[in-house]
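K.L.:
Chains as they are written, first to last, in numbering that gives the first Met the number 0: chain A, 0 to 195; chain B, 0 to 158.
The hints are simulated quantities; they were obtained by calculation from the structure and are not laboratory data.
Just so it is clear, CB atoms sit at the ideal spot from N, CA and C, and this is done for glycine as well.
Any given hint could turn out to be false.
What the hints assert, rightly or not - Cut-off 16 Å, straight-line C-alpha distance, at most; resulting in silico cross-link-like pairs (EDC-like, lysine to aspartate or glutamate): (1) K107/A to D33/A; (2) K185/A to D107/B; (3) K159/A to E105/B; (4) K108/A to D41/A; (5) K46/A to D153/A; (6) K137/A to E98/A; (7) K163/A to D153/A; (8) K159/A to D107/B; (9) K114/B to E27/B; (10) K163/A to D107/B; (11) K185/A to E27/B; (12) K19/A to E171/A; (13) K185/A to D136/B; (14) K30/A to E171/A; (15) K108/A to D33/A; (16) K160/A to E105/B; (17) K137/A to E64/A; (18) K185/A to D153/A; (19) K160/A to D136/B; (20) K159/A to D33/A; (21) K123/A to E105/B; (22) K72/A to D33/A; (23) K108/A to E171/A; (24) K137/A to D22/A; (25) K137/A to E94/A; (26) K137/A to E183/A; (27) K72/A to D153/A.
Claimed, not checked - Which chain B residues face chain A? A few, computed with CB under 7 Å, are given here: (28) Q25; (29) H29; (30) W46; (31) F79; (32) D82; (33) A104; (34) T106; (35) P108; (36) M112; (37) Q120; (38) G121.
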Amino acid sequence: MLPVVTLPLVLLLLVEGGVKVGDKAPAFSLKNVDGRTVSLADYQKEKGVVLIFTCNHCPYAKAYEERIIALHKELAPKGFPVVAINPNDPQIVPEDSYENMQKRAKEKKYPFVYLFDETQEVAKAYGAQKTPHIFLLKNTAEGFVVAYIGTLDDSPNDPKKVQKRYVVEAVEAILAGEPVPIAETKAIGCSIKWRR
Amino acid sequence: MRRMLTLGLGVGLAWAQPLAARSWAQIEAHLRAHPDTVYVLNFWSTWCRPCIAELPHLQAAWRQVRDSLPVQVWLVSLDFPPDGAKKAAILLRQKGITLPAFWLAETDPNAWMPKVNPDWQGTIPYTQAGLSGPAHDEAFASPEEARAFLQEAYRRSSR
Numbered sequence: 000m001l002p003v004v005t006l007p008l009v010l011l012l013l014v015e016g017g018v019k020v021g022d023k024a025p026a027f028s029l030k031n032v033d034g035r036t037v038s039l040a041d042y043q044k045e046k047g048v049v050l051i052f053t054c055n056h057c058p059y060a061k062a063y064e065e066r067i068i069a070l071h072k073e074l075a076p077k078g079f080p081v082v083a084i085n086p087n088d089p090q091i092v093p094e095d096s097y098e099n100m101q102k103r104a105k106e107k108k109y110p111f112v113y114l115f116d117e118t119q120e121v122a123k124a125y126g127a128q129k130t131p132h133i134f135l136l137k138n139t140a141e142g143f144v145v146a147y148i149g150t151l152d153d154s155p156n157d158p159k160k161v162q163k164r165y166v167v168e169a170v171e172a173i174l175a176g177e178p179v180p181i182a183e184t185k186a187i188g189c190s191i192k193w194r195r
Numbered sequence: 000m001r002r003m004l005t006l007g008l009g010v011g012l013a014w015a016q017p018l019a020a021r022s023w024a025q026i027e028a029h030l031r032a033h034p035d036t037v038y039v040l041n042f043w044s045t046w047c048r049p050c051i052a053e054l055p056h057l058q059a060a061w062r063q064v065r066d067s068l069p070v071q072v073w074l075v076s077l078d079f080p081p082d083g084a085k086k087a088a089i090l091l092r093q094k095g096i097t098l099p100a101f102w103l104a105e106t107d108p109n110a111w112m113p114k115v116n117p118d119w120q121g122t123i124p125y126t127q128a129g130l131s132g133p134a135h136d137e138a139f140a141s142p143e144e145a146r147a148f149l150q151e152a153y154r155r156s157s158r
């Protein structure tokens, strides 16, 4: 019998970079599926922005697609529109090309903007790692600030089993002038396909 | 004739018994009950291309070490219900992967992922050795790389 030894805690080097909750939101200016350029600054009159790094091909993104559409319809009237950004390199996944984004947005009648982060600099600035990966931005006197990072809810596989709607709860807290109850969750998803 | 054979084989490969469902608590209980074996858990899914690419490397690596080290490699599928367990089984069969495989019966990633490893950022493939051993958050590019991980997992567990 081998001796049972308690393992020392594994110290993993966490990749730093990207934003943390409370940080100022990095600005961006990206091409929407309708050809327009959309910037974070365009949302200055809103109370915030639900920034979602997502894409066409990823099964988690697909599983969340209807819920993201519903989220925009629910939160845009409250001053928190969804801004979707596809950060994937279409050389690696052709399904995530700009043309395919346009097709998908049209087919599913996306009520929100769907921007292409061709240089992947916005994803890097935020520290997005996967799709979908959500950054809730709150508009303050000092500009947009990151208020929540993580996933949409607690049941990626089955919308019927959702019990915790993290993003909605965070928005409600902001609207009520209260601190966000859960400001960070783990998001499961497909790794962003970084340009090689 | 050859075409018929291929067709027959194709049909045969397109069927498989779905992977057995296991909750994280069940997997954890098994690991705790077998402290002398190093269980290397590979979290994957059929729609994750890098995951599929590394499966043969993991299998080859395990075959190289299985006679000398008490290491087991378990594949844990994160495929979606209702048919994920079946899709995963079919893919493993088609690829000739015979490592023990389960389908993870969990819903809330924020409940189970931190138990696997609090540092796991939520991307797959993800390979975790035991309940507190080393982890690897990228795909193994070769059997050698996978074997080095299995050896490291054993070394760290027997220290």
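K.L.:
Does H29/B meet its interface restraint, that is, does its C-beta lie within less than 7 Å of any C-beta in chain A?
P.N.:
violated (16 Å)
K.L.:
For the restraint on W46/B, tell me whether the closest CB of chain A is nearer than 7 Å.
P.N.:
holds (5 Å)
K.L.:
Could you grab the alpha-carbon distance between K123/A and E105/B and see if it respects the 16 Å cut-off?
P.N.:
violated (30 Å)
K.L.:
Are the Cα positions of K159/A and E105/B separated by 16 Å at most?
P.N.:
holds (14 Å)
K.L.:
Is it true that the CA of K114/B sits at most 16 Å from the CA of E27/B?
P.N.:
holds (9 Å)
K.L.:
Does the alpha-carbon distance linking K46/A and D153/A stay inside the 16 Å limit?
P.N.:
Roughly 25 Å separates the two Cα atoms, so the pair is violated.
K.L.:
Please verify that hint: A104/B, Cβ, nearest Cβ of chain A, below 7 Å or not.
P.N.:
violated (10 Å)
K.L.:
For K19/A and E171/A, compute the direct alpha-carbon distance and say whether it is at most 16 Å.
P.N.:
violated (20 Å)
K.L.:
Given a cut of 7 Å on the nearest C-beta pair, is the interface hint for D82/B held or broken against chain A?
P.N.:
violated (12 Å)
K.L.:
Check whether the Cα positions of K108/A and D41/A lie no farther apart than 16 Å.
P.N.:
violated (22 Å)
K.L.:
Below or equal to 16 Å on CA atoms is what counts here, so check K30/A against E171/A.
P.N.:
Judged against 16 Å, a Cα distance of about 30 Å means the pair is violated.
K.L.:
Quickly compare the C-alpha distance for K137/A and E183/A to 16 Å and report which way the hint goes.
P.N.:
Roughly 15 Å separates the two Cα atoms, so the pair holds.
Figure legend: structure checked against the earlier numbered hints; hints not met, in rising order: 4, 5, 6, 11, 12, 14, 17, 19, 20, 21, 22, 23, 25, 27, 28, 29, 32 and 33.
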